[in-house]
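Those protein sequence lines, which keep their order, are chains G and L.
Using the numbering used here, read the first sequence as starting at 1 and increasing by one per residue.
Using the numbering used here, read the second sequence as starting at 1 and increasing by one per residue.
Below, a sample of chain G positions facing chain L; criterion: calculated Cβ distance under 10 Å:
1. Tyr33
2. Leu43
3. Lys44
4. Ile45
5. Glu58
6. Phe90
7. Cys91
8. Ala92
9. Gln102
10. Gly105
11. Asp106
12. Gly107
Simulated from the structure, these hints should not be mistaken for laboratory data.
Even for Gly, the Cβ is constructed at its ideal location relative to N, Cα and C.
The residues making up each chain are set out below.
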Amino acid sequence: DTAVSQTPKYLVTQMGNDKSIKCEQNLGHDTMYWYKQDSKKFLKIMFSYNNKELIINETVPNRFSPKSPDKAHLNLHINSLELGDSAVYFCASSLQPSDQPQHFGDGTRLSIL
Amino acid sequence: DQQVKQNSPSLSVQEGRISILNCDYTNSMFDYFLWYKKYPAEGPTFLISISSIKDKNEDGRFTVFLNKSAKHLSLHIVPSQPGDSAVYFCAASDNAGGTSYGKLTFGQGTILTVHP
Chain G
1 DTAVSQTPKY
11 LVTQMGNDKS
21 IKCEQNLGHD
31 TMYWYKQDSK
41 KFLKIMFSYN
51 NKELIINETV
61 PNRFSPKSPD
71 KAHLNLHINS
81 LELGDSAVYF
91 CASSLQPSDQ
101 PQHFGDGTRL
111 SIL
Chain L
1 DQQVKQNSPS
11 LSVQEGRISI
21 LNCDYTNSMF
31 DYFLWYKKYP
41 AEGPTFLISI
51 SSIKDKNEDG
61 RFTVFLNKSA
71 KHLSLHIVPS
81 QPGDSAVYFC
91 AASDNAGGTS
101 YGKLTFGQGT
111 ILTVHP
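Okay, chain G solo, but in the shape it has when bound (with noise of 0.2 Å):
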């Protein structure tokens, strides 16, 4: 069974499309995270939600929209896609805000072409 599931695997599309990458996650856990790894491999957080609430949410154009629906689901909206956009975005959950480990997903390669 998978933890943390990511959907797709790969997404690749031109400039200026809108994608969503979604995220579920089966451990029952209240807290969930959206990463960012871009070429330098630096994984830099993006947003966090808890509970469904936004608790995190790191400078990042206004592009990038996450929606909760419910605690097991946090999906990623990116409008207006740019080239720099290209990257593995990385789900990952915990139990509560603070605790630690995180769990990841699998990971989605965005390619912008």
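Add chain L to chain G, keeping to what the hints say.
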């Protein structure tokens, strides 16, 4: 401003020997540190952690050492095995802080290759 740094992009060791991966941090508010292991096309997998109230934590072949005064931590793997070949990420969190909400700050990773 990179608050967590792994200055060695790669490390190559022989099977059976010790692997030592290093990590430095600058933010004195960090009080919890983790090591994650990552295989290609997979997500990071938690390996071992240490709280700032300790200076050592051991789990089987893996030991993490923390030197708070130097703001330095290291991961020792003994003995190293070919299956340990992966990217290792160091991460830090300000857990006691009221507004960090468990945000992890990662280093850029070290590629470990263990040769048979």
